[in-house]
Amino acid sequence: MTRVLEATGIVRRFGGLTAVNNVDIHVDAGEMVGLIGPNGSGKTTLFDCLSRVQTIDEGTIVLNQTDISRMKPHQVAHIGLSRTFQVLRVYRDLTVVENMELSVQWGDISLLSSFRRPDKETTKRANHLIDFLLLSRLRNERASSLSGGQRRLLELGMALMSEPNIVLLDEAMSGVNPSLVEQIKERITILNQEQGVSFLLVEHDIRFVKDLCERVVVLNYGEKLAEGAPDAIMENDAVIEAYFGDDGGGGEHDADF
Amino acid sequence: MKSTTKRVLQGVGLGLGCLLLVGLLVLPLFERGNDSTLFTLTLLLASIGTAISWNLTGGFTGYVDFGHAVWFGIGAYTTGVLMSNESDWIPQQWPLVPALIVSAIFTALVANLVGRLTMRLSGPYFSIAMLGFFVFFREVVRVMGGLTNRGVGLTIEPVINRPLWYYVTLIFVLVLVYLSWWLRRTRFGASLIAIREDEIGAEMRGIDTTRNKVMIFTLSGAITGLLGAMWAYQNTFLDPDIAFVEVRTIDAVMGTMLGGLGTVAGPIIGMAFLFVLRELLWTQESLLQTHLIVQGLLLGAVVIYLPKGLMGLVRGEVKLLDRFRKRTSTFEGMEAAVLDDEVLDEAAGELETEVSR
Numbered sequence: 001m002t003r004v005l006e007a008t009g010i011v012r013r014f015g016g017l018t019a020v021n022n023v024d025i026h027v028d029a030g031e032m033v034g035l036i037g038p039n040g041s042g043k044t045t046l047f048d049c050l051s052r053v054q055t056i057d058e059g060t061i062v063l064n065q066t067d068i069s070r071m072k073p074h075q076v077a078h079i080g081l082s083r084t085f086q087v088l089r090v091y092r093d094l095t096v097v098e099n100m101e102l103s104v105q106w107g108d109i110s111l112l113s114s115f116r117r118p119d120k121e122t123t124k125r126a127n128h129l130i131d132f133l134l135l136s137r138l139r140n141e142r143a144s145s146l147s148g149g150q151r152r153l154l155e156l157g158m159a160l161m162s163e164p165n166i167v168l169l170d171e172a173m174s175g176v177n178p179s180l181v182e183q184i185k186e187r188i189t190i191l192n193q194e195q196g197v198s199f200l201l202v203e204h205d206i207r208f209v210k211d212l213c214e215r216v217v218v219l220n221y222g223e224k225l226a227e228g229a230p231d232a233i234m235e236n237d238a239v240i241e242a243y244f245g246d247d248g249g250g251g252e253h254d255a256d257f
Numbered sequence: 001m002k003s004t005t006k007r008v009l010q011g012v013g014l015g016l017g018c019l020l021l022v023g024l025l026v027l028p029l030f031e032r033g034n035d036s037t038l039f040t041l042t043l044l045l046a047s048i049g050t051a052i053s054w055n056l057t058g059g060f061t062g063y064v065d066f067g068h069a070v071w072f073g074i075g076a077y078t079t080g081v082l083m084s085n086e087s088d089w090i091p092q093q094w095p096l097v098p099a100l101i102v103s104a105i106f107t108a109l110v111a112n113l114v115g116r117l118t119m120r121l122s123g124p125y126f127s128i129a130m131l132g133f134f135v136f137f138r139e140v141v142r143v144m145g146g147l148t149n150r151g152v153g154l155t156i157e158p159v160i161n162r163p164l165w166y167y168v169t170l171i172f173v174l175v176l177v178y179l180s181w182w183l184r185r186t187r188f189g190a191s192l193i194a195i196r197e198d199e200i201g202a203e204m205r206g207i208d209t210t211r212n213k214v215m216i217f218t219l220s221g222a223i224t225g226l227l228g229a230m231w232a233y234q235n236t237f238l239d240p241d242i243a244f245v246e247v248r249t250i251d252a253v254m255g256t257m258l259g260g261l262g263t264v265a266g267p268i269i270g271m272a273f274l275f276v277l278r279e280l281l282w283t284q285e286s287l288l289q290t291h292l293i294v295q296g297l298l299l300g301a302v303v304i305y306l307p308k309g310l311m312g313l314v315r316g317e318v319k320l321l322d323r324f325r326k327r328t329s330t331f332e333g334m335e336a337a338v339l340d341d342e343v344l345d346e347a348a349g350e351l352e353t354e355v356s357r
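Heads up: the sequence lines are chains A and B, in that order.
Number 179 in the working numbering belongs to position 179 of the first sequence; there are no gaps in the numbering.
Number 291 in the working numbering belongs to position 291 of the second sequence; there are no gaps in the numbering.
Be careful, since some hints might not be right.
[As the list claims (entries may be wrong)] Simulated crosslink set (EDC-like; lysine to aspartate or glutamate; CA at most 20 Å straight-line):
(1) K6/B <-> D93/A
(2) K120/A <-> E163/A
(3) K308/B <-> D239/B
(4) K6/B <-> D131/A
(5) K210/A <-> D28/A
(6) K224/A <-> E214/A
(7) K185/A <-> E141/A
(8) K72/A <-> D93/A
(9) K210/A <-> E227/A
(10) K308/B <-> D198/B
(11) K185/A <-> E163/A
(12) K308/B <-> D93/A
(13) K124/A <-> E163/A
(14) K72/A <-> E199/B
(15) K72/A <-> E246/B
(16) K120/A <-> D131/A
(17) K308/B <-> E182/A
(18) K185/A <-> E6/A
For the record, the hints were derived by calculation from the structure and aren't laboratory data.
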């Protein structure tokens, strides 16, 4: 199976604190991988390293057979990685369709052609994705007037506009009401199964991870604690201890993950 | 309703704009269009041009440049050095057109270098760094020795044809308006808006933010440099204190904010409004000492009460009508109002008032 993303020995330090310590993680083509861990375990920092928003102190990151360890974030986006953020990043003053049009694959646009107006194909694609994400009714509304859940959907759409082969979703479900969660889950599944888009997702809701992912990576204190199938991970003693402490916790774990 | 109102407003704006343009074009043919009037109007046009170029970085890209007048000064001094015979380094007098071209190119080069250093800063750090560069270049010019005549000043031989110069400036400003309008509609222009709205997001979505920021900063510097060069030629004399003036930056900021930050028409409307207001205040004897206080208050009031400027006010009226429409539609069905949190908040407030009664 083709490896889309492979990070080896990633280390990221902030002064005396090592936020990510020697972590290996990989995602294969068409795979959905979950990244979980208690608060402060380094999930978002690892995401930032993988998407090059943050520099890494040690390690290598290979994306689609290209070493991106020293690249700038926009170059990483050109090679096919796209992401969403824990804190929503949409262009608030622009309409839904304008937000989408601005998120094209900029790697395909030369400097000269950037001095032309956006082509009809882009608008058509933006509208198609808006329909796919069930946002048609809000097409011409400003992003600032959308609810949190609708903005999550819009951000997902923006991440997809550049036709990436891997998408990093950082808590895509936080602040989203349950009916929208199902909707987002369904859309992600379609994208994965029909278009072969790989996903790496950070999520607090373990049920969501269980439903979508074939493999889960657990981080704790910046280090990889465990890796495996979701069911095995939930029975893993080290993981249970990391989440619930020495006394085990017992009972229903799902809701507390 | 919304589109009709918008179209009417656009039509009125366009009509007034055309009328004003015709007026400006035929003015030199009439007696009122004497040298003094044309001199003042040429200065106004240069101010509008400076505001338009400031708006490219400050408005479109969201990088508020507090030292923008530095490019005006550098452009002016380049032309001064080239066209005056008082510079020891270049004593021969250059013809006008090559001097203007070299001034624009030289300013662009300096802006590019400064942009590479300052455009990586954000928010107030960028603004203050630019203020620093403004002072730095002004003082460099003052102590440059033979090149700039030691800050004493440079004189350019007056061979100016006032009406012709007025037309040249008018055409240049019209080109700038078109450039700004066209740029806003291109992908490059859209990328600037993305940088303004969320720079990290824009970078993450594949926009080479550093390159685009430096490019627009360089263009903005070149335009203002050329305007400075044209001003130097018209003024026939320059020294560091009149070529590098903070008020030019303040005017560009104030005019653009008054008209509408980040809009194409904003700098034009704002600068014209400011100019008329200033003329009115000047002529009032009672306000002779205090007209600057009034201007200062005006800028404060605009930032507080009209953050989107006069253009925002025009758009706000459209919005008010929309809101009215949404409120009436709540009786027919809530759908239209559902998206507008403010409308819902207001409705909740009204309900509370009713209940407390």
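For this session: Just pull the numbers of the violated hints for me, sorted ascending.
Result: Hint check: 3, 4, 7, 8, 15, 17 and 18 fail, others pass.
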